[in-house]
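Residue numbers (numbering that gives the first Met the number 0), protein chains in the order written: chain A, 0 to 360; chain B, 0 to 274; chain C, 0 to 303.
It should be emphasised that the hints constitute simulated quantities derived from the structure, not laboratory data.
Values in this document were obtained by computation on a predicted structure and should not be read as measured data.
Don't take every hint at face value.
What the hints assert, rightly or not - Heads up, incomplete: computed chain A residues facing chain B, CB under 7 Å, no partners named:
# : residue
1 : R72
2 : V248
3 : G250
Stated by the list, open to error - In silico lysine to any residue, SDA-like type, Cα no more than 20 Å apart, as pairs:
#  : chain 1 : residue 1 : chain 2 : residue 2
4  : B       : K131      : C       : S37
5  : C       : K264      : B       : I124
6  : C       : K248      : C       : K156
7  : B       : K101      : A       : D276
8  : A       : K237      : A       : R304
9  : C       : K248      : C       : S37
10 : C       : K264      : B       : F43
11 : A       : K273      : A       : F341
12 : C       : K264      : B       : P216
13 : B       : K101      : C       : V85
14 : B       : K131      : C       : L41
15 : A       : K129      : A       : Q180
16 : C       : K156      : B       : K101
17 : A       : K106      : B       : F43
18 : B       : K101      : A       : T90
19 : C       : K264      : B       : G174
20 : B       : K101      : A       : Y12
21 : B       : K101      : B       : A157
22 : C       : K156      : B       : T82
23 : A       : K100      : B       : G174
24 : A       : K237      : A       : T254
By construction, the Cβ of each residue, glycine as well, lies at the ideal position given by its N, Cα and C atoms.
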Amino acid sequence: MAGLELNRLRKSYGAVEVIKGVDLSIMDGEFVVFVGPSGCGKSTLLRMIAGLEEITGGELKIGSLVVNEVEPRDRGIAMVFQSYALYPHMTVYDNVGFGLKLARAPKEERDRKIRDAARILQMEHLLDRKPSQLSGGQRQRVAIGRAIVRQPEVFLFDEPLSNLDAALRVDMRMELAKLHQDLGATMIYVTHDQVEAMTLADKIVVLNAGIVQQVGSPIELYQRPANLFVAGFIGSPKMNLLSGSVTAVDGDAVTISGKDMANVQLSADAEAFKVGDMVTLGIRPQRLHLSGSGALVGQVVLVERLGNETNVSVSLPSGANFLAVLDGDHVLQPGQVVTFDFATSDAVVFDVDGIARYAQA
Amino acid sequence: MKKQLPLISGIAAITVSFFVFVIPFLFIIFMAFKDRRQAASRDFSWPEGFHLWENLVEVVTTRNWMMITAFVNSSILTVVSVTLLVVLAAMVGFVLARRDAKWNGPIEFLILAGLMIPPAVVPTIWLLQGLKLFGTLHGMILIEVAYNLPFSIILYRAFIATIPRELDEAAIIDGARPLDVFFRVILPLLWPVTVTNIVVQSVGIFNDFTNPLYYLPGANNATVQLTLYNFQSQFNTAYNLLFTNILLITIPPLLVFLFFNRQIVAGMTAGAVKG
Amino acid sequence: MSVTTADSAGALQTTVRKKPIQARYPGWFILPAAVIYSVLFLAPTVSSLYFSLTRWTLFDSVFIGFENFAQFFREPFLVQGLINTVIYAVVTSGMKVVIGMAFAVLLTSNIVARGYLRSVVFFPVLVSTVGVGITFTVLMHPTQGMINETLALFGIKGPGWLTNPSLALYSVALVDVWKGVGLATVIYIAGLVAIPRDYYEAARIDGATPWQNFWYVTLPLSRPATATVIILSFIGGLRTFDLIWAMTKGGPGFASDTVASVIYKQYQAGFYGLSTAGNVVLFVLIAVLVIPLTMILNRRRGHE
Ligand SMILES: Nc1ncnc2c1ncn2[C@@H]1O[C@H](COP(=O)(O)OP(=O)(O)O)[C@@H](O)[C@H]1O
Ligand SMILES: [Mg+2]
Numbered sequence: 000m001a002g003l004e005l006n007r008l009r010k011s012y013g014a015v016e017v018i019k020g021v022d023l024s025i026m027d028g029e030f031v032v033f034v035g036p037s038g039c040g041k042s043t044l045l046r047m048i049a050g051l052e053e054i055t056g057g058e059l060k061i062g063s064l065v066v067n068e069v070e071p072r073d074r075g076i077a078m079v080f081q082s083y084a085l086y087p088h089m090t091v092y093d094n095v096g097f098g099l100k101l102a103r104a105p106k107e108e109r110d111r112k113i114r115d116a117a118r119i120l121q122m123e124h125l126l127d128r129k130p131s132q133l134s135g136g137q138r139q140r141v142a143i144g145r146a147i148v149r150q151p152e153v154f155l156f157d158e159p160l161s162n163l164d165a166a167l168r169v170d171m172r173m174e175l176a177k178l179h180q181d182l183g184a185t186m187i188y189v190t191h192d193q194v195e196a197m198t199l200a201d202k203i204v205v206l207n208a209g210i211v212q213q214v215g216s217p218i219e220l221y222q223r224p225a226n227l228f229v230a231g232f233i234g235s236p237k238m239n240l241l242s243g244s245v246t247a248v249d250g251d252a253v254t255i256s257g258k259d260m261a262n263v264q265l266s267a268d269a270e271a272f273k274v275g276d277m278v279t280l281g282i283r284p285q286r287l288h289l290s291g292s293g294a295l296v297g298q299v300v301l302v303e304r305l306g307n308e309t310n311v312s313v314s315l316p317s318g319a320n321f322l323a324v325l326d327g328d329h330v331l332q333p334g335q336v337v338t339f340d341f342a343t344s345d346a347v348v349f350d351v352d353g354i355a356r357y358a359q360a
Numbered sequence: 000m001k002k003q004l005p006l007i008s009g010i011a012a013i014t015v016s017f018f019v020f021v022i023p024f025l026f027i028i029f030m031a032f033k034d035r036r037q038a039a040s041r042d043f044s045w046p047e048g049f050h051l052w053e054n055l056v057e058v059v060t061t062r063n064w065m066m067i068t069a070f071v072n073s074s075i076l077t078v079v080s081v082t083l084l085v086v087l088a089a090m091v092g093f094v095l096a097r098r099d100a101k102w103n104g105p106i107e108f109l110i111l112a113g114l115m116i117p118p119a120v121v122p123t124i125w126l127l128q129g130l131k132l133f134g135t136l137h138g139m140i141l142i143e144v145a146y147n148l149p150f151s152i153i154l155y156r157a158f159i160a161t162i163p164r165e166l167d168e169a170a171i172i173d174g175a176r177p178l179d180v181f182f183r184v185i186l187p188l189l190w191p192v193t194v195t196n197i198v199v200q201s202v203g204i205f206n207d208f209t210n211p212l213y214y215l216p217g218a219n220n221a222t223v224q225l226t227l228y229n230f231q232s233q234f235n236t237a238y239n240l241l242f243t244n245i246l247l248i249t250i251p252p253l254l255v256f257l258f259f260n261r262q263i264v265a266g267m268t269a270g271a272v273k274g
Numbered sequence: 000m001s002v003t004t005a006d007s008a009g010a011l012q013t014t015v016r017k018k019p020i021q022a023r024y025p026g027w028f029i030l031p032a033a034v035i036y037s038v039l040f041l042a043p044t045v046s047s048l049y050f051s052l053t054r055w056t057l058f059d060s061v062f063i064g065f066e067n068f069a070q071f072f073r074e075p076f077l078v079q080g081l082i083n084t085v086i087y088a089v090v091t092s093g094m095k096v097v098i099g100m101a102f103a104v105l106l107t108s109n110i111v112a113r114g115y116l117r118s119v120v121f122f123p124v125l126v127s128t129v130g131v132g133i134t135f136t137v138l139m140h141p142t143q144g145m146i147n148e149t150l151a152l153f154g155i156k157g158p159g160w161l162t163n164p165s166l167a168l169y170s171v172a173l174v175d176v177w178k179g180v181g182l183a184t185v186i187y188i189a190g191l192v193a194i195p196r197d198y199y200e201a202a203r204i205d206g207a208t209p210w211q212n213f214w215y216v217t218l219p220l221s222r223p224a225t226a227t228v229i230i231l232s233f234i235g236g237l238r239t240f241d242l243i244w245a246m247t248k249g250g251p252g253f254a255s256d257t258v259a260s261v262i263y264k265q266y267q268a269g270f271y272g273l274s275t276a277g278n279v280v281l282f283v284l285i286a287v288l289v290i291p292l293t294m295i296l297n298r299r300r301g302h303e
């Protein structure tokens, strides 16, 4: 069993640096998700771990071994590709057993392992088929089966669900979670879908432009995003962001004013601010509620009534748009002027560099 | 009225094509059935009597069964050259399609040059003599491989470029070494284009006259195309035998045509339509 | 190559193996092909540049400068071969383009017996060139050949196809077209079926006649196929040897000699230097004609 250690890992293609020094430690048995927008380097980082991309700088340890220069087959990893990459000319049985064959495993052992994997994935009836005779979900299973028979210490998944339709994706997500529980292996999973990340991960790594933005449990990332990027990326709908400036600093509280709000007092890391600093205020749409008197006043633009909740889009005096997700059903008319309030502890203050400044505990 | 146009033009086309393209082949067949006396008049007439078998026997046994030697030589030449072409060209195509090295450009230039430039005959003979390959079947095989590599490489490279790289990578993670990746994953996937390649190159090499003429002299080394040529003077006036001979060497391409028409057309038109 | 340049440097460098990760697509994969191609094709081609400047017996060579080339352009029969080669290439590729296109249009229409017609046109491509050559030599015999005997039935006195010096080259070219037009046709067919039907439907809505259809849709859109047919058959025409050798051996006299047949004749006569010079001439001829031709055809294509 193996954890991983990434030390200032870097990757360049020619002069273009794609991974810009990633530090990360992954514990044995952890389910880690790399998440970030398309092109941020998730796949590249995963492929560096797999040994499919040469490492330009830094050090990669799997278990206690530095594996920078170790062949993929000797790293104790298995990988599931986005396109599944099944060998089209082999049956499912041979696809799953190919690695064992290459390793010259005895026939009986090979057969047993293939059938074990097939049983775990409930695809015993598919073993004689060719990949072209399988549905998307079935191909996905075969790809996972091929990984399982290798009995790897680390599973690597590169957007494995993105080619499936929505319903199947939810099913497979749950199966993957169960597989992780059953096998107890370390899993590293790449996705650009934050819902997948939130539901699967023990630990999420948010990447942007080749730099790690934040590492933490899903709830940590949701509740205490480290910066504007994470705040915008994690959570759906997106966190509302308003700009303003600091008008007073007092103990653990800062007071912020702007075009859209007047003298809102919040708890934040007061030492990071002085009067006059430009800041951004972040509030999740779900944390807003209607109230007679509140910090935010605006005009309703659009209302979506879903029964159990109501989404309200509001235009603020600065012209900025603002979204609130209200519990229960509310009857609101476009053009109506409404007032929202929120608990000061639910708001996040970001400094001028976009770093979140939480009150020190 | 309009509906009948395809029919009328079709009948016209069939008639014309019969005279232009079919009659020459019927002529060959008729001649092969005639006896020596009737064949001498070289006209398009129905054979009097059935002499194909005796003509065949004579053609095959003449000059100490030279025809058999020639068929064996041509078969070995074709099979071995084409096998080498398949494996070697696919390997080159694989590396060219997968690597974007800076010397891909020059290699492509050399491949195009190979398609265009006629081989320098006498220097090649001189070189073959130096290598003790002149007039040997294996020398001839290497020549056919060298001359036909460019076409095969182009065919393979285009096809390999359509095979996703993730397949190689999956195999690498499964523990495949480069030779495993190539022989167990890529080469089997190339089967459709390999069939095309085999068919097109076999026909070309089997029908090759010029290169054996230069590089494979001598009666023991005769290939079928050369026997045809050698026989022409020998059967000076025996046209029945000459055409039996032609008929005999037309059979292999005919079989290929019957079974692999589609692959041949695909191979020969490859690359013509892109643009 | 694998040495990292991490600014944090040494601390991270626990192991530096000399060998980087095994090449995924190793260069030696091209080695066998490269060796065969270089030794048997490139090396002779390059050395021909030298040997063409020598008087050569295969055992030793005497450098004589451009004498072989001078001879090539001095001797009328050699000059004739040069001219014949160009005529042959132009005539055959021109006819293959026109006839191939016509056949392709016919064979992509809804004509009856399409499969049969395609087969019949294509089959000669696969047949032995020498066999075809010998057959047509017999058919083209001035008095006993089937062609002239047939013409005689209509009261026409057929020409000496292969015996008339001013006709022989064109007769061979005609047989070349007979044998090769099937290839041009299938290339054109592939090009024609790739033209989206929308163009024809749009043209029909505009009220185009069949002739306008051909002129404004088919012809411009099959330009890539035309380029391929021209280049393939032009190069083939310039290099032709086997058909000419099977039919006329360059005769009568030198009337149907081409550079390729001259190369063979000089080789047989033991003039190895001169023969090699012929090779270099052919090589240069192909380069000088085909490279600009390719560029013109591709530029036209780019402007569409
Ligand atoms: N072989 C390559 N050569 C050059 N740039 C590459 C190569 N592969 C990926 N990149 C670049 O690296 C960046 C990260 O790519 P990738 O890791 O695939 O992103 P993603 O997060 O979407 O998986 C992208 O900007 C991509 O353009
Ligand atoms: Mg990716």
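(request) Assess, step by step, whether the Cα of K237 of chain A is no farther than 20 Å from the Cα of T254 of chain A, and give holds or violated. (result) The hint is violated at about 24 Å.
(request) Starting from K101 of chain B, check that the Cα of Y12 of chain A is at most 20 Å away, please. (result) 15 Å, holds
(request) Would you check whether G250 of chain A satisfies its interface hint, that is, whether its CB is within less than 7 Å of any CB in chain B? (result) At 56 Å from the nearest chain B Cβ, G250 of chain A fails the 7 Å test, so the hint is violated.
(message) Run the distance test for K248 of chain C versus S37 of chain C: straight-line Cα separation, threshold 20 Å.
(response) Roughly 32 Å between the alpha carbons, so the hint for K248 of chain C and S37 of chain C is violated.
(request) Measure nothing beyond the straight line between the CA atoms of K156 of chain C and T82 of chain B; if it is 20 Å or shorter, mark the hint as holding. (result) 52 Å, violated
(message) Hint check: K100 of chain A vs G174 of chain B, CA-CA at most 20 Å. Holds or violated?
(response) The hint holds at about 9 Å.
(request) Take the C-alpha atoms of K264 of chain C and G174 of chain B, compute the straight-line distance between them, and say whether it is at most 20 Å. (result) Violated. K264 of chain C to G174 of chain B sits at ~58 Å, over the 20 Å cutoff.
(request) Identify whether the interface hint at R72 of chain A stands, where standing means a beta carbon of chain B within less than 7 Å of its own. (result) 4 Å, holds
(message) Against the 20 Å threshold, does the CA-CA distance of K264 of chain C and I124 of chain B hold or violate the hint?
(response) 15 Å, holds
(message) Check whether the Cα positions of K273 of chain A and F341 of chain A lie no farther apart than 20 Å.
(response) 24 Å, violated
(request) Sort out whether V85 of chain C lies within 20 Å of K101 of chain B, counting only the CA atoms. (result) 37 Å, violated
(request) Below or equal to 20 Å on CA atoms is what counts here, so check K101 of chain B against A157 of chain B. (result) It holds: about 19 Å lies between the C-alpha atoms, which stays within 20 Å.
Comparing the model with each numbered hint stated earlier shows that hints 2, 3, 6, 7, 9, 10, 11, 13, 15, 16, 17, 18, 19, 22 and 24 do not hold.
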